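Undergrad: Same order as they appear, the protein sequences are chains W and V.
428 is the number that the UniProt record's numbering gives to position 428 of the first sequence; each next residue is one higher, with no gaps.
425 is the number that the UniProt record's numbering gives to position 425 of the second sequence; each next residue is one higher, with no gaps.
The reader is advised that the hints may include incorrect statements.
Note: identical chains are not told apart, hence a pair may lie in one copy or across any two.
Stated by the list, open to error - Taking lysine to aspartate or glutamate pairs in the DMTMM-like style, the calculated list, with each CA pair at most 20 Å apart, reads:
1) LYS414 x GLU621
2) LYS67 x ASP455
3) LYS414 x ASP384
4) LYS635 x GLU223
5) LYS324 x GLU380
6) LYS463 x GLU561
If you're looking for bench data, these hints aren't it; they were derived computationally from the structure.
In this text, all values refer to a predicted model and were calculated from it rather than measured experimentally.
Number of protein chains: 2
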Amino acid sequence: MASTLKLILFVLLSFHIFLLVSSHQHHPLDSLTPSEFTLVRTIVNKTYPSSKLNITFQYIGLDEPDKPIILSWLSNPKSKPPPRRAFVIARLDKQSHEIIVDLSTRVIVSDKVYHGHGYPLLTLDEQFAASELPQTYEPFIESIKKRGLNLSEVVCSTFTVGWFGELKSKRVLKLLCFYIDGTVNLYARPVEGITLVVDLDEMKIVEYNDRLIVPVPKAEGTEYRESTQKPPFGPRLNGAALVQPDGPGWANWKFHLGFDVRAGPIISLASIYDLEKQKYRQVLYRGFISELFVPYMDPTEEWYYKTFFDSGEFGFGQSAVSLKPLADCPANAVFLDAYYASSNGTPVKISNAFCIFENHAGNIMWRHTETSIPGEVIREVRPDVSLMVRMVATVGNYDYIIDWEFKPRILEMKGVIYTHTNQIKENVHGTLLAENTIGVYHDHFLTYYLDLDVDGEDNSFVKNNLETIKVTNHSSPRKSYWTVVSEIAKTESDAQIRFGLKPAELVVVNPNKKTKVGNNVGYRLIPGSATHPLLSYNDYPQIRGAFTNNDVWVTPYNKSEKWAGGLYVDQSQGDDTLAVWSLRNRKIENKDIVLWYTTGFHHVPCQEDFPVMPTLSGGFELRPTNFFDSNPVLKTRPPNLVHWPNCTNKP
Amino acid sequence: MASTLKLILFVLLSFHIFLLVSSHQHHPLDSLTPSEFTLVRTIVNKTYPSSKLNITFQYIGLDEPDKPIILSWLSNPKSKPPPRRAFVIARLDKQSHEIIVDLSTRVIVSDKVYHGHGYPLLTLDEQFAASELPQTYEPFIESIKKRGLNLSEVVCSTFTVGWFGELKSKRVLKLLCFYIDGTVNLYARPVEGITLVVDLDEMKIVEYNDRLIVPVPKAEGTEYRESTQKPPFGPRLNGAALVQPDGPGWANWKFHLGFDVRAGPIISLASIYDLEKQKYRQVLYRGFISELFVPYMDPTEEWYYKTFFDSGEFGFGQSAVSLKPLADCPANAVFLDAYYASSNGTPVKISNAFCIFENHAGNIMWRHTETSIPGEVIREVRPDVSLMVRMVATVGNYDYIIDWEFKPRILEMKGVIYTHTNQIKENVHGTLLAENTIGVYHDHFLTYYLDLDVDGEDNSFVKNNLETIKVTNHSSPRKSYWTVVSEIAKTESDAQIRFGLKPAELVVVNPNKKTKVGNNVGYRLIPGSATHPLLSYNDYPQIRGAFTNNDVWVTPYNKSEKWAGGLYVDQSQGDDTLAVWSLRNRKIENKDIVLWYTTGFHHVPCQEDFPVMPTLSGGFELRPTNFFDSNPVLKTRPPNLVHWPNCTNKP
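Extracted from the complex, chain W is given alone in its bound form (with noise of 0.2 Å):
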């Protein structure tokens, strides 16, 4: 790691990027090193030791300081950093414990036991242990006996069942299982008509049900590897580096990079530096997405229970993949490694599992073209370029690209998704693919937290909506024009917004800071296409989904508001969302204040998503509104131009 590290800082040059894990002094908001995890788990094993008790850790992250502490530190980051804690959700006797362990002291600080609805985070040692019961369970053996099939190429995948009402719950999932021979497609050859679920505090099949026998599809044209493709090829992608004699560039961001098992990327104290005030100036103390809802449109037995929530049930960060150098990132690209904790306690790398890369799409940053002033052609122009972060959480059959881009002046979030054979039946609800094939129809609905702190902590929310004026007194030609009219959010149903219904430009503002003309400093939200369910809001998973019923949400920073579907998502009931939250009702103006943006898609699957799907992406952005006096890239001086280098492809 340590070499990554000085790699990092050779090659990025200007942009400030404190780092995941570092061989020197923490950053109070560094995630967990390997060594801290270690730490984590034997401190915990001394008052629960393993060897007696059936302990599994179903979440080990940071427990970040509060912000306060955070921001007094920031402003003297020579002075001691606060303590470090580790958050553990712990799994014991069929109980999940909230455990507080500070790292500095090695003592565990609170230990409670929680008795509300839902259940932890599912690690994936237990997801594997669920996925193999079958294998050795008679009922089952028997079932793929009757089918003709192989058990040897079945292979069984765990699912979230949600909850549809039931008053008492056991910590449970389903399994469906597929039929791998011919393909590395897994979810291409369902075993349908099975449903089995399984205990996990037991670890023990407790419902066994062999429905219906249905036709395993074929595995022709499920196959996706390169090397073994049949011809007619498509032609080979010609490879692409870019080449920088002056290295890299620059950009004007300076931020916090962080991971967790949950979240998966952190960005904080995202501040951009201000070229005329000549300092940085804060905008983003926190953002992550917080969840990601992906509710089934098919009600039928074998399917209804389909809502995943893929942060809260599965982890986002659990599922990161290793990028593949030249592929999944350019040839600029410098990789970070990241950790979690496995069921019991032990840090677990995975590789590569950021890229972060200067990007030149070919974009123009600005330009002018002046042809009116008389003996003189002025021609200006600035190419764009921005700072990429990505990381790609493989769930399921779901692969989701999440970037954060850079740019010189906007914070732009997209997330691409691909789906390899998007979930497969022979049913009406969605529509054929392939012979036996339907893809059914879906939504992916990405919920980000945005602790935005505009030039400071305390912000407002200000709509300002577009109103049409009708010139009523012949004092125009006209018959009517647009204005715009604002209004502060003065309390969180003020801000609660779905698009679509009249127009209006959200900023946050910073109402005690003005610019050099009076306006209030502000960075707007530039949102992506509306994605609205199409749930009935009474319907158990839009309930428990409730945080996706308005595209905008804003709510006074509270630290223990960070999951918008709560902080126990697996079978919640709804009682822990942003949704229930927000009933209060609090004061958001002049105060510090989260915005809560959902995106997302509705998936009518097409031919063309067989047997994996290609790019369907969103995003949206953060642009700065009267934050500076003028264009802050103004000053961007040209790049020295690069000719056609004379290069050579050795390494």
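Place chain V on chain W using the hints.
TA: Showing chain V alone in chain W's frame:
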């Protein structure tokens, strides 16, 4: 041009682009060549000798052959191409003549006088002549003297006057003058309070009014040229170049690129290669920006009329500017020149009007990591590459960047807008940007003409409505789900869509062609964010811009229906718009249909837009939807590895 041609064919290898101008046989859709412009002029001047008559050429462009003729020629491209014809709009004796010239027989085929409302495209020559008039107009000289300004530092600019219910009209424009003392930012220092009206057919000032004196805003802070900026500087952008040791890559699109003085870039005959069927399949017969409507939102005397139609009034192609290598387009771009005819019919060259480049933006075409297959980890990733066609038009203080992006399966259009000191006045209908400087609220609506021919000419437009179904009979633990209810648009009114009312996928299908499993082949529109007009429907500018009343319209193909705002847009009265044509409510099912799509921006200026605005971008995608039997890029072979090359910075 011939050498450029060779370069293109060499560099772009497998991109089959028919070119603007070819030294060999014409493609029937090729734009007029310089010698053809000269020929048109000669032929027209034979009938209307310029020595005797004051004839001006307002428009000369290809009179494209009828669609059946093109399609029949395409089926046998070795046959004799259809005759080359030019369409001319000339101004003579205060009348607009529509003249069709046959270039092979060298005769005027038809010559009609237009008697309807509105006037043709303004030429650059007449705009320049008009803007010079005040310099010798005594009352104006007096007004400038009265303000204590130096006449030689005053530059006037031309503005179309719109239509506000007048029953009679002359061909006039208005002039606004600016003070360029100490600035090259033309619009930064308006000399307000003076109204100047020029009759273009007489080429003289016909109305003059010096109503009030307003202080001219300061020059300070309006500079944008790098050469004159003062420290502190932003960091220098480091140059970057794309290196492709194996040469440029591939794409599976074939298309024709044309240039028109009014429309700018025209993409024709775009078809995509189907690997399985081993042939090209039609997608887009013709696509271009049909109109660009920019209404300002200030109802006062000096501003109310500013409701521009940038394409029909000023000519998007005529406004194209030379692209700057390594700034407007990356190092791997190739450039193409374009030609149009001046007022007197002689050809004018725009060097480097287009650039075409392969775009490696660090995106991923598709990927999957499979971890659930015991004993194997499978990771397949394909980086994305696309072909960009770019043109920049500077209309007044706007720089519009128009990109057509050909992705491996998807056709994406993007319009990017930059303002040069967003039109400025001291007034409340905008944002205070700097001292005495207000950016006035306005909109940009880009209306695209998309004559889709999906796998053949006869297509239907299908709305796949996403509808919530309530489960009321307890047949499922669910209470709701959504499904797709398809609706085929029978007539034009069925296809008039405003986004945001209900979710739907919009697909142009070929009802006569099906995939193997029986879906109709199609391409769907993935719109950008919706921007609806906020002017009253009965307001004059909105009557003229009524084609923006819906986001989507579908019409049966009609060669004469090309310009959404009408053929004669200057001072038009809205009687020849898409909205009027569509009142006929023609049949559109299983017919040759045209999709009209409007995307846009409401612009509430902010200080970051001063003195030159950074990127504001929007666009949309055309994406195959059951067009292919399965993922068409599955068999794309990954690129050969390119390591960081050993390069020198010598050209």
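Undergrad: Need the list of violated hint numbers for this structure, in ascending order.
TA: Of the numbered hints given earlier, the structure breaks just one, which is hint 6.
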